[in-house]
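Peer 1: Model the placement of chain A on the given structure of chain Y, informed by the hints.
Number of protein chains: 2
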Amino acid sequence: MKLNNHAINRVLIVGGTHGNELTGVYLVKLFQQYPELIRRYTFESLTFLANPQAITAGRRYIDQDLNRCFLQQDLEDITLSNYEDLLAKNINYLYGQNGKYPVDFVVDLHSTTSNMGITIILDNDQPFNLQLAAYLISLHPEIKIYNSGKSGRAENGLRSRAKFGMGIEVGAVAQGVLNADLFLKTQTIVYATLDYLELYNQNKLPAFSHSFTVYRYMEKIDYPRNEQGEITAMIHPQIQFKDYQALNPGDPIFLTFDGQTITYAGESSTYPIFVNEAAYYEQRTAMCLTQKHQIKI
Amino acid sequence: MKLNNHAINRVLIVGGTHGNELTGVYLVKLFQQYPELIRRYTFESLTFLANPQAITAGRRYIDQDLNRCFLQQDLEDITLSNYEDLLAKNINYLYGQNGKYPVDFVVDLHSTTSNMGITIILDNDQPFNLQLAAYLISLHPEIKIYNSGKSGRAENGLRSRAKFGMGIEVGAVAQGVLNADLFLKTQTIVYATLDYLELYNQNKLPAFSHSFTVYRYMEKIDYPRNEQGEITAMIHPQIQFKDYQALNPGDPIFLTFDGQTITYAGESSTYPIFVNEAAYYEQRTAMCLTQKHQIKI
Chain Y
1 MKLNNHAINR VLIVGGTHGN ELTGVYLVKL FQQYPELIRR YTFESLTFLA NPQAITAGRR
61 YIDQDLNRCF LQQDLEDITL SNYEDLLAKN INYLYGQNGK YPVDFVVDLH STTSNMGITI
121 ILDNDQPFNL QLAAYLISLH PEIKIYNSGK SGRAENGLRS RAKFGMGIEV GAVAQGVLNA
181 DLFLKTQTIV YATLDYLELY NQNKLPAFSH SFTVYRYMEK IDYPRNEQGE ITAMIHPQIQ
241 FKDYQALNPG DPIFLTFDGQ TITYAGESST YPIFVNEAAY YEQRTAMCLT QKHQIKI
Chain A
1 MKLNNHAINR VLIVGGTHGN ELTGVYLVKL FQQYPELIRR YTFESLTFLA NPQAITAGRR
61 YIDQDLNRCF LQQDLEDITL SNYEDLLAKN INYLYGQNGK YPVDFVVDLH STTSNMGITI
121 ILDNDQPFNL QLAAYLISLH PEIKIYNSGK SGRAENGLRS RAKFGMGIEV GAVAQGVLNA
181 DLFLKTQTIV YATLDYLELY NQNKLPAFSH SFTVYRYMEK IDYPRNEQGE ITAMIHPQIQ
241 FKDYQALNPG DPIFLTFDGQ TITYAGESST YPIFVNEAAY YEQRTAMCLT QKHQIKI
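Respectively, the protein sequence lines represent chains Y and A. Anchor point for the first sequence: position 286 equals 286 in this note's numbering, and the numbering is continuous, going up by one each time. Anchor point for the second sequence: position 225 equals 225 in this note's numbering, and the numbering is continuous, going up by one each time.
Bound-form chain Y, shown alone (with noise of 0.2 angstroms):
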């Protein structure tokens, strides 16, 4: 069998990178315990439980969020110490293209509490991984695209340290919850993953349509807030769960504590995701608003 000349070589799973999103810890602790679930013939897999003591403690991070810890300045300054600037520094060392592992592909599994279904994050546009995309949408037409890029993952993210990589996000579920049928869904999506990658190096990629919808991340908006930095409203009861659906200028976006109502005064429409998501109350985050892009490849 002649493999592909860009063979995938090492591939990661990773969970926990948020330590209380238990969709990705669990199932990366069912593919150590079964590791014939993700072997294939082609490639190295190898799984990752990112945040260890933000696991064991059920919180996002212990000192910061880990997923904003791999900038590649931040990975070279020795004055960054706290908890996740260690961690970072470690899985750069371990898996990054520097490293003793050097990892081609990674798949990092999050969960939200918005009402995103199963999102395929991708952190920029290399046609390797809208490839990989159009494939796993041709097989599941309910799963999301969402491309990352301008939102700084691409940089600070964990996925930023392998060739390629995907995140697979999937909502609603609460943290510190685990959702069955959104555990099946993922780790449906995990195989299909691995599938696409063994029949990548062997040359034997199936016809499947090229043709999909992205959401490309644009902007985010924070919550109304006084000043004192709380905030005064809500995310309005039109909008909550509704991830993916058009917000247009003049619909409603939040209410406030005592009943009024705030539209949106976007000029054009728009497509917000993370609708909601509970960690990003502290990161000044109500939600982030995508516009919607056909791709033909």
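Think of the hints as simulated: they come from the structure by calculation, not from any bench. All residues carry an ideal CB built from backbone N, CA and C; glycine is no exception. Accuracy of the hints is not assured; some may be wrong.
Think about it this way: if two alpha-carbon atoms lie no more than 27 angstroms apart in a straight line, the pair counts; the simulated DSSO-like pairs of lysine-lysine are [claimed, not checked]:
id, chain 1, residue 1, chain 2, residue 2
1, Y, K220, Y, K204
2, A, K185, Y, K242
3, Y, K29, Y, K100
4, A, K242, Y, K185
5, A, K242, A, K220
6, Y, K204, Y, K296
7, A, K242, Y, K242
8, A, K185, A, K204
9, Y, K163, Y, K29
Covered stretches of chain Y, as calculated for chain A (at least 3 residues, CB under 8 angstroms) [unchecked claim]:
id, segment
10, 200–214
11, 272–281
For each label pair, taking beta carbons as the anchor points, the in silico distance ranges come out as [to be verified]:
id, chain 1, residue 1, chain 2, residue 2, range
12, Y, N82, A, T56, 14 to 24 angstroms
13, Y, N9, A, R225, 34 to 44 angstroms
14, Y, T256, A, P252, 36 to 46 angstroms
Peer 2: Quick look at chain A alone, frame taken from chain Y:
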């Protein structure tokens, strides 16, 4: 106006007994900003954020669950001095029956990741509490009445310090998240409760049906676990979000990570609540089983 001989003189509305249950936290802040919302003629309305450090940290508690710290013997034990131990003692000094501002009625605001809709929690069968429940259900037939008496909350919960009281438990909502719809419904039930107390004090209660359903706590059941104490299964998809629905012997209850269905082995039908509550994983509770009773008073 002649007041009821057993008039309620002081009412305490509590939020943030669990710091990451935001509905109560922000309702109490709203009432503190607009005290006229909870002002009535015949009693004094106080508000209180019970666990300030946990609220700031966005966590359920700092050292231990505050809503388990109110056993009389623990309040009297001078050796108990972690953060929540001290909070509990202080709350008892302030609002307990021998405290500075003894409270006749407490409304304790909670939320849950379980699909419990709007649940009124009563800690005992006192006629005063049951009449209030009957009144609320006559106005809002969709609410559920849960008697937690046998769970321990009647002895160790914050509400045990007041003469009378109830919890409002709303869900499903993730920890650290505000759901506007559930916020508004909780607010409505708080107002209806204050209205009831006002009518009660004035001997002006209208006629309403005194027949309704109560779900009574029987026992809690844990997740399947391995020898290391780690969970080996999830809530089965068929009962996820199915709080208050009959679980019969032989029905699916858990799904193991490797795909095996575990069925309910009880001998008779039960009505699970707190199904997949995030905070209960560490308390070794997958759900609480209740019995359904028709009450006439």
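Peer 1: Could you tell me which of the numbered hints above are not met by this structure, giving the numbers in increasing order?
Peer 2: Violated: hints 1 and 10.
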